[in-house]
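The opening position of the sequence shown corresponds to residue 1226 in the numbering used here, with each subsequent residue numbered one higher.
I should point out that these hints are in silico values taken from the structure, not numbers from a laboratory.
Misleading hints may appear alongside valid ones.
Claimed, not checked - Computed cross-link-like contacts, BS3-like style, restricted to lysine-lysine with a CA-CA straight-line distance of at most 30 Å:
hint, residue 1, residue 2
1, K1428, K1512
2, K1261, K1245
3, K1512, K1411
4, K1421, K1512
5, K1403, K1342
6, K1428, K1403
Remember, predicted model here, so these are calculated numbers, not experimental data.
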Amino acid sequence: MEFGAKGTEFGAPGAADMIKDATTASFKADVLDASKTVPVIVDFWAAWCGPCKQLTPVIEKVVRSYSGKVRLVKVNVDENQAISAQLRIQSLPTVYAFRDGQPIDGFVGVQPESAIKAFVDRLVADDAEIGIAEVLKTGEELLEQDDLQGAAEVFASILQEDPANAEAIAGLTSCYMKSGDIARAKQTLALVPPDKRELAAVKSLEAAIELAEKGADTGELDALQKRVAENPQDFQARLDLAVGLGATGDRQEALELLLDLIRVDRKWNDGAARKQLLQFFDAWGPKEPLVAEGRRRLSSILFS
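Construct the complete structure from the given sequences, taking the supplied hints into account.
Listed below in structure tokens is the structure:
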């Protein structure tokens, strides 16, 4: 199944809104409300302040270089004393950064361009992480609702911005898994960077893909069920049947088969049934109620 990707445009203000002057009357709209969409830097200055005249042009230059990912609002403290008093501005120039209506960072005094750029870098990076987290949540919700196309488009939009995002890669892999396209799922999961391969979601998908591939190799379920019925001591057939059932979604029956096999001969084939059950747990993930039940019952058998 081929999932198309429509690019997600992360909201950014137009060039005309990137830099503006604010008053006491407009501060709420220009700063507090606006910062709920994009980080807002507020430059508190005065006409008599020499250092302000050095700092402001540098901040403006840096903000423009971010093409709308951050805004600059300038406040003349002499003309807007109520705001400067409320925020306890004691020295000039003072610079605050706002997000979600709250000041989150700032500095006082003239700073070199490199320091201002680092200041804005932190704001933009933090904002991007928050934005991506929200988009990931949307993709996961769509995936849970089995809207595979919608979820895939959401995850793909993140990967357009951040191709190495392991959570988005895992999400897109899950879309292919749910659609039954195991080969494409495997190709997609291979894109996870080496330093992120230990993430729980990645490990779970690795186990699920391996399980699906093993399930495809076990043969027809009817034939396996017949072999087990004719010879209950055919442990390999019982193991293969459990794998096939687990791979096709009959998790409860797969669990019962493996637990029964462990109960009969836990050491058979170097503990193959127990190892397979643990792989099931990895593949199904912690949200699956059968995992907690299975772990409890497995412990009961092993330590009885």
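Hints and how they fare:
no.: 1; hint: K1428 with K1512; result: holds (14 Å)
no.: 2; hint: K1261 with K1245; result: holds (17 Å)
no.: 3; hint: K1512 with K1411; result: holds (22 Å)
no.: 4; hint: K1421 with K1512; result: holds (21 Å)
no.: 5; hint: K1403 with K1342; result: violated (44 Å)
no.: 6; hint: K1428 with K1403; result: holds (17 Å)
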